[in-house]
Amino acid sequence: MTGSPPEYDVCIVGAGMAGGISAHELARQGLKVLVLEAGARVAPGRRIELMQADLNGEDPWKLVDPQAEVYSTTGDHEYPLEGSRMRAVGGSTHHWGGLAYRMHASDFRLKSTHGIGEDWPLSYDDLEPFYGQAERELGVAGGTGDPFASPRSTEFPLPAFPFSYADTTLVKPTCDKLGIGIHTIPYARNSAPYQGRPACQAFGMCHVCPIEAMYNGGVHVRLAEATGRVEVRGNCTVLRLNPVSPTRLGSVTYADPAGTRREVTAHLFVLAAHTIESIRLLLLSRSSGFPNGLANRSGTVGRYFMEHFGSGMAGVVGQPLYPQRIGFNTAHSLQYHDTPERARIGAIKLTFASGGLSPAREAAASGRWGREVKKHVRAVYGRTIAVVANVEQLPHADNWIGLDRRLVDRFGDPAPEIHLSVGLYERRTLRRARDICVRILRAAGARIPLSQYRKYLTNEHHRIAHHMGGCRMGTEPRESVVDPTLKAHDLDNLFVLGSSVFPTGGVVNPTLTIAALALRATSSILTARRTLAG
Amino acid sequence: MAVSRRVVLKGLAGGGAILAGSLWAARSPRVRGFVRGDSPEYLDRRSPTGTLSEGELTTVIALAEVLLPADESPGATADWVRSHVDARTNRAPGFLAAYREAAQLLDAWSVVGGGTAFAALAPAAREAVLLRELGPEGPDSHGTAQLGLRSAQTVSKARVWQHVVQDLIVAFFRSPAGWAVVGYTNFPGVPGEPLAYTVPPRGTAR
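Protein sequences, first through last, are from chains A and B.
Per my numbering, the very first residue in the first sequence carries number 18; after that it's consecutive.
Per my numbering, the very first residue in the second sequence carries number 38; after that it's consecutive.
Just so you know, these hints were derived from the structure itself, not from any lab.
As the structure is a computational prediction, the values presented were derived from the model and not from experiment.
For every residue, glycine included, the Cβ atom is placed at its ideal position computed from N, Cα and C.
Errors might be hidden in some of the hints.
Quick list of the computed label-pair ranges, beta carbon to beta carbon [claimed, not checked]: (1) B:S188 with A:A216: 17 to 27 Å; (2) A:S438 with B:P130: 40 to 50 Å; (3) B:P130 with A:R153: 22 to 32 Å; (4) B:T241 with A:A216: 37 to 47 Å; (5) A:R250 with B:D108: 57 to 67 Å; (6) A:R45 with B:T241: 46 to 56 Å; (7) A:R378 with B:S84: 21 to 31 Å; (8) A:D93 with B:Q141: 48 to 58 Å.
Required output: the full structure, derived from the provided sequences and hints.
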């Protein structure tokens, strides 16, 4: 390889949404791109089979990605990785919820506005045009007019999914009484046919979406391949990123489908392997020039890892709400995203969910049979209303992703170690969130079972699986991993995509921001390619 | 660094999950469930898969007709039972043995009272057998389980309840007939009018 020109203009590690978008954009500008993906392809036609598996009680995505997760977790929060990400061409958006939010303008200025967290090295206004582009690329259905959303210069490409029967008849009247503004939720899900994919047909199986009405990263991988300038190699696990000088990467080493180690060269490299794996690859790629891991002269690779946490309260009302006729919620409130108390109480996103147990679970829980079980299910089904809260976590250096050298994966490499704790800020925010949920439920006339209040005693919460931070953006190379263009400070030809670059996490789902950042990085990657020799 | 360390080692090739510490294991719901008799461990997952005999299937159909009778909405039909049970016993290890045991027990319970085979009884008589043997809400094995006293009969009833009765009931309510109980024609797995979720289902009160 020495002396030969690099084989590709760009080598992208990871064929998820970010890698797929980047490959497509770069190929459209004439670059020759290789994408290496650890997982397998998912043929669109296979999704019906996967839906059937889901209906049969199997985990459909285990049929695509059967590899078990190998990891350790420390800190006061045990952190299960299972089900939180996926190795596949198309990545974790195969089984996401489709929520496509813009971050709030305040999320970019937490430190200068509230004295907490960090400021991003770019503003919401800098990213706004790319949010619009991302919404068109993914096909986002949404409604304007949410007074608590950030300003926008373009319309949504698709109309919003309207409120459900429960939203219209119970949630909105209740929230109006309380002065809480609710609005429709933006989704990367077709409310009308869009770019060759059908509109949602209410299968209610969004975990699989048998007809690809919901966007997944495979869409952009296929678009990229259709340019004729992108090669995607599945079942190829990148093991190392190899520098050739103190400022430049020369190649990556990967294991091909047979497990044979191979090396490939490129002028430029884009790391888009999902947060934890991207961090892990950088830490694994130690060398004499990078003794603490590639691109880690700052010592911050892996640090400032963040999540969103969820909690909520549920109650039972007297009237049927007819839930579960579509697979997603349709009303939220962003009223508590950025309040004057943000220095003490973090951002809270409320989502309204009617549902509770399905008829099958109500029947099983009742223990009844015969006419009694049918009578019981008719009487109780569909009368549960829940207010679900996502809360913000601030970046802390003590929340980190590292390497556990006592535990190895199937290639003999150290597994990731996830060290996560929930701080006072987050605990206060969770408590406040539950107070708001209770207030809404009581105003709705819901009977809240006593068991729900146990959540206060335990400060019950669960992880949402929004992995953020660990390769944070910043202008100061001693305190961050990538610059505002997502180029690694320490290297001329490495870019990092994904939510690992977030300095703060806000509270909304990160996927649209990941897409917007990937689109914004395109021009910088092109500039870097032109600058590099060859 | 963390004071305590919890290592979760998951399913490397040939390996199984390793739980750190017996204290954790004792608090595990799976262990508690086993003691209570309602854990999946009660199924013999090493037993073969296959198909029930016609006679056994007839008995199971007779059971399902009582568990899930028709009222203002359809109940479990013979065709549905046949299709579900066939898939279950052929795909999920342990269920062939469980369903076979259930068919044998149902006949044994029917004969006890001087009666005949379960499937030959009238529906009301079948219902009486189930009420006598399983109770209106399943057999109560909790008390004896906690004392460590489990007769073979108790274990069998628990297995029939958990893996046959509950299996049929849950599967029914996941089927179109089950969703019809609550007036739905569009439910998970079955597409419908995309905006139907904004109004009550047809035929239900508004």
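Legend entry - Violations among the numbered hints, reported as their numbers in ascending order: 1, 3, 4
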